[in-house]
Amino acid sequence: MHPHPSLNDAFVISAVLVNRSGRTVPWPNIELKLFDASQQTVARKRLAPSDYLSDDADLDDGLAPDVRLPVVLEMAVESSRPSGFSMTFYY
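Counting in my numbering, the final residue of the sequence shown is number 1226, and the numbers go up one at a time with none missing.
If you are wondering where the hints come from, they were derived from the structure by calculation, not from laboratory data.
Bear in mind that the values here come from a model prediction, so they are computed numbers and not experimental data.
There may be inaccurate statements among the hints.
Simulated pairs of lysine to any residue, SDA-like, Cα-Cα distance not exceeding 25 Å [stated by the list, open to error]: (1) Lys1180 <-> Phe1220; (2) Lys1180 <-> Thr1223; (3) Lys1168 <-> Val1212; (4) Lys1168 <-> Val1206; (5) Lys1168 <-> Val1207.
So the derived label-pair ranges between C-beta atoms look like this [to be verified]: (6) Asp1144 <-> Asp1195: 33 to 39 Å; (7) Asp1196 <-> Ser1173: 39 to 45 Å; (8) Thr1159 <-> Glu1209: 26 to 32 Å; (9) Ala1192 <-> Thr1223: 31 to 37 Å; (10) Met1136 <-> Asp1190: 20 to 26 Å; (11) Asp1196 <-> His1139: 27 to 33 Å; (12) Met1222 <-> Asp1193: 30 to 36 Å; (13) Pro1205 <-> Gly1157: 21 to 27 Å; (14) Glu1166 <-> His1139: 18 to 24 Å; (15) Ala1199 <-> Ser1173: 39 to 45 Å; (16) Ala1145 <-> Tyr1226: 26 to 32 Å; (17) Ser1173 <-> Val1153: 27 to 33 Å.
Beta carbons are placed, not taken as given, at the ideal position from N, Cα and C, and that holds for glycine.
Turn these sequences into a full structure, and let the hints steer you where they fit.
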C-alpha cells in the first residue's frame, strides 16, 4: 500500500491473486478495508470481478490453477491516513 502518485486523497494497494487449488475457481468478490494506526476502519470498498479485472477478461472463465494474477486497487480516503489494510474474498 502506498499513496496514489497523482491523487492526494487516495491510496494504491497492489496484490497478487493466486489459485492454489487443483481446479479453476470463480473470480472472487473482494472487500477491501483500510485501517488507521488505531485499527479503526477509515475506508471500505466492495469490488466485483468486473471492477478489478481488465476489460478484455472473460468473467466466466474463472481463475485457473497455479495462476498468479497481479491486481492494483485504488481507494480514496476522506479521513486519517491509513496504516494498514485487509482483503476479504467471497463468492
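Consistency of the hints with the structure:
Among the hinted pairs, Lys1180 with Phe1220 is consistent with the structure: their alpha-carbon atoms are about 11 Å apart, no more than 25 Å. In summary, the hint linking Lys1180 to Thr1223 is supported, as the alpha carbons are separated by about 11 Å, within the 25 Å threshold. Our distance criterion of 25 Å between C-alpha atoms is met by Lys1168 and Val1212, whose separation comes to about 11 Å. In summary, the hint linking Lys1168 to Val1206 is supported, as the alpha carbons are separated by about 16 Å, within the 25 Å threshold.
Only pairs whose Cα atoms come within 25 Å are accepted, and Lys1168 paired with Val1207 is accepted, the gap being roughly 14 Å. Checking the proposed 33 to 39 Å range against Asp1144 and Asp1195 shows it holds: the Cβ atoms sit about 35 Å from each other. Judged by the Cβ atoms, the range 39 to 45 Å given for Asp1196 and Ser1173 holds: they are separated by roughly 41 Å. With their beta carbons about 28 Å apart, Thr1159 and Glu1209 fall inside the hinted range of 26 to 32 Å.
For Ala1192 and Thr1223, the Cβ-Cβ distance of about 21 Å falls outside the hinted range of 31 to 37 Å, so the restraint is violated. Met1136 and Asp1190 have their C-beta atoms about 25 Å apart, which keeps the hinted 20 to 26 Å range intact. Between Asp1196 and His1139, the C-beta spacing of about 30 Å keeps the proposed range 27 to 33 Å intact. The beta-carbon spacing between Met1222 and Asp1193, approximately 23 Å, falls outside the hinted interval of 30 to 36 Å.
Checked against the hint of 21 to 27 Å, the pair Pro1205 and Gly1157 passes, with Cβ atoms roughly 22 Å apart. Our hint of 18 to 24 Å for Glu1166 and His1139 holds, since their Cβ atoms are close to 20 Å apart. Taking the beta carbon of each, Ala1199 and Ser1173 are about 40 Å apart, inside 39 to 45 Å as hinted. Look at Ala1145 against Tyr1226: about 28 Å separates their beta carbons, and that is inside 26 to 32 Å.
Between Ser1173 and Val1153 the beta carbons are some 31 Å apart, a value that agrees with the proposed interval 27 to 33 Å.
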